Amino acid sequence: MRHGRHQAWRAIGPLVASIAIVLAACSGAASPSATTPAASAPVASGAAGQLPPPETTKVTIGLTNNLAAGQFIDQFAKDLGTFKKYGLDVDVIAFEGDSKATQALVAGQIQGAESSGGMVIASQKTDTPLVTVALNNVRLDYVLIGAKGVTSAADLKGKQVGVSSLGSVAHAVVLAALKNLNLQPSDVTITAVGSESARIAAVTAGSIQAAPVQIDRADKLKAEGLNVLTDLTKTDLQYATAGLGFQKDWLAKNPNTALRLVASLLEAQETMWAKPDLAAQKYAEFNQSDPAVAKATIDSYVGGGGNRGMAFTKDAFVLPQEVLATVSPNDAQVDLDTVFDLSYLEKLKDIGFDPKAGVSQ
Numbered sequence: 005m006r007h008g009r010h011q012a013w014r015a016i017g018p019l020v021a022s023i024a025i026v027l028a029a030c031s032g033a034a035s036p037s038a039t040t041p042a043a044s045a046p047v048a049s050g051a052a053g054q055l056p057p058p059e060t061t062k063v064t065i066g067l068t069n070n071l072a073a074g075q076f077i078d079q080f081a082k083d084l085g086t087f088k089k090y091g092l093d094v095d096v097i098a099f100e101g102d103s104k105a106t107q108a109l110v111a112g113q114i115q116g117a118e119s120s121g122g123m124v125i126a127s128q129k130t131d132t133p134l135v136t137v138a139l140n141n142v143r144l145d146y147v148l149i150g151a152k153g154v155t156s157a158a159d160l161k162g163k164q165v166g167v168s169s170l171g172s173v174a175h176a177v178v179l180a181a182l183k184n185l186n187l188q189p190s191d192v193t194i195t196a197v198g199s200e201s202a203r204i205a206a207v208t209a210g211s212i213q214a215a216p217v218q219i220d221r222a223d224k225l226k227a228e229g230l231n232v233l234t235d236l237t238k239t240d241l242q243y244a245t246a247g248l249g250f251q252k253d254w255l256a257k258n259p260n261t262a263l264r265l266v267a268s269l270l271e272a273q274e275t276m277w278a279k280p281d282l283a284a285q286k287y288a289e290f291n292q293s294d295p296a297v298a299k300a301t302i303d304s305y306v307g308g309g310g311n312r313g314m315a316f317t318k319d320a321f322v323l324p325q326e327v328l329a330t331v332s333p334n335d336a337q338v339d340l341d342t343v344f345d346l347s348y349l350e351k352l353k354d355i356g357f358d359p360k361a362g363v364s365q
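One point on numbering: in our numbering, the residue at position 167 of the sequence shown is 171, and numbering is uninterrupted.
To be clear, the hints were calculated from the coordinates, so they are not data collected in a lab.
Note that the structure is a prediction, hence the values are computed from the model and not measured.
Among the hints, a few may not be true.
Each computed DSBU-like pair below joins lysine-lysine, with the alpha-carbon atoms no more than 35 Å apart [unchecked claim]:
{"#": "1", "residue 1": "K226", "residue 2": "K299"}
{"#": "2", "residue 1": "K299", "residue 2": "K257"}
{"#": "3", "residue 1": "K62", "residue 2": "K104"}
{"#": "4", "residue 1": "K89", "residue 2": "K286"}
{"#": "5", "residue 1": "K104", "residue 2": "K152"}
{"#": "6", "residue 1": "K82", "residue 2": "K257"}
{"#": "7", "residue 1": "K104", "residue 2": "K318"}
{"#": "8", "residue 1": "K62", "residue 2": "K226"}
{"#": "9", "residue 1": "K89", "residue 2": "K224"}
{"#": "10", "residue 1": "K299", "residue 2": "K353"}
Okay, the calculated beta carbon distance ranges per label pair [to be verified]:
{"#": "11", "residue 1": "G210", "residue 2": "G91", "range": "52 to 60 Å"}
{"#": "12", "residue 1": "A196", "residue 2": "P57", "range": "47 to 55 Å"}
{"#": "13", "residue 1": "T237", "residue 2": "D294", "range": "36 to 44 Å"}
C-beta atoms are modelled at their ideal positions from N, C-alpha and C, and glycine is treated no differently.
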């Protein structure tokens, strides 16, 4: 199941191409910054925790990977009835990857999507820029695993490191891991190998000397004689793995609806922490997965992979941009202040919604 979550992070190169094809033309116009939000600010309410009336109540949200616990939060909110509680009629649709969800978003078939940082950054140079208003995941829960005999940065220098593809989340993990090891990307050869299972097999066989794997596989691999070179879960690194995003034009017209959507997800996120067994049950039903696998997935999310309060900083988009620029150099010029808007989370806190909903920060 964790492998399924990794599949949500397809190569950014095809994503950029897909966005370009769908939109047919790119726009050079600058987008509003996060400090001057693209959307009209949601209207404050008089009573503590009371939300302003929505502009529209019917919304469809797309998931780019239904196997990811951080994206299941939308379906969990629907199961719990938090969308309905806050006056919204929300449908949740699963897509196979970022690019298909982007196409549906651009075509107006959905109003919001659980977007990766790379997806949102790439959209800024199109006619349909996206903006992230909350992040469900801000951590890369990976380790860099080394082959037998590769136990240090010195051992790794000059060797081959496998990723799924250039521009992928695995590529991001490698760049972050190299920084932790005080190595430069030029100190190794980064090679596209494929899926996590394929990378593990290649390290075991010795055809490559290191590869990124998710943290829950580390103990098993160490028992097999491989080595953890660095553990990204023990760093303060932020990475925009998945978060609620909208077209900026839609957000400008529907700020109060967006505020209610964020409120609904915040309450569902808190419930996932408070009642992980219930979340695991609903996850298993939604994905038709083994209950034990579902529980392990939810426990991992609640245990550190998830971002409980959904708040973040611009730093969460720095590494996604760095990785995106390896396959699309022009995206290195995108102003990261244009890709997110924290005013929705801030407004909920200002009007007293967080304590009313039991939200932990």
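Comparing the hints with the structure gives:
1. K226 - K299: The hint holds at about 24 Å.
2. K299 - K257: The hint is violated at about 39 Å.
3. K62 - K104: Holds - the C-alpha atoms of K104 and K62 are around 21 Å apart, at most 35 Å.
4. K89 - K286: This hinted pair holds, its Cα atoms lying about 18 Å apart.
5. K104 - K152: It is violated: about 40 Å lies between the C-alpha atoms, which goes past 35 Å.
6. K82 - K257: The given pair, whose Cα atoms are some 23 Å apart, holds under the 35 Å limit.
7. K104 - K318: Given that 35 Å is the threshold and the Cα spacing comes to 26 Å, the pair holds.
8. K62 - K226: 49 Å, violated
9. K89 - K224: 43 Å, violated
10. K299 - K353: The hint holds at about 31 Å.
11. G210 - G91: 52 to 60 Å: Holds: the Cβ-Cβ distance is about 59 Å, inside 52 to 60 Å.
12. A196 - P57: 47 to 55 Å: Roughly 50 Å apart at Cβ, these two residues keep to the hinted range, so it holds.
13. T237 - D294: 36 to 44 Å: Given about 25 Å between the Cβ atoms, the range is violated.
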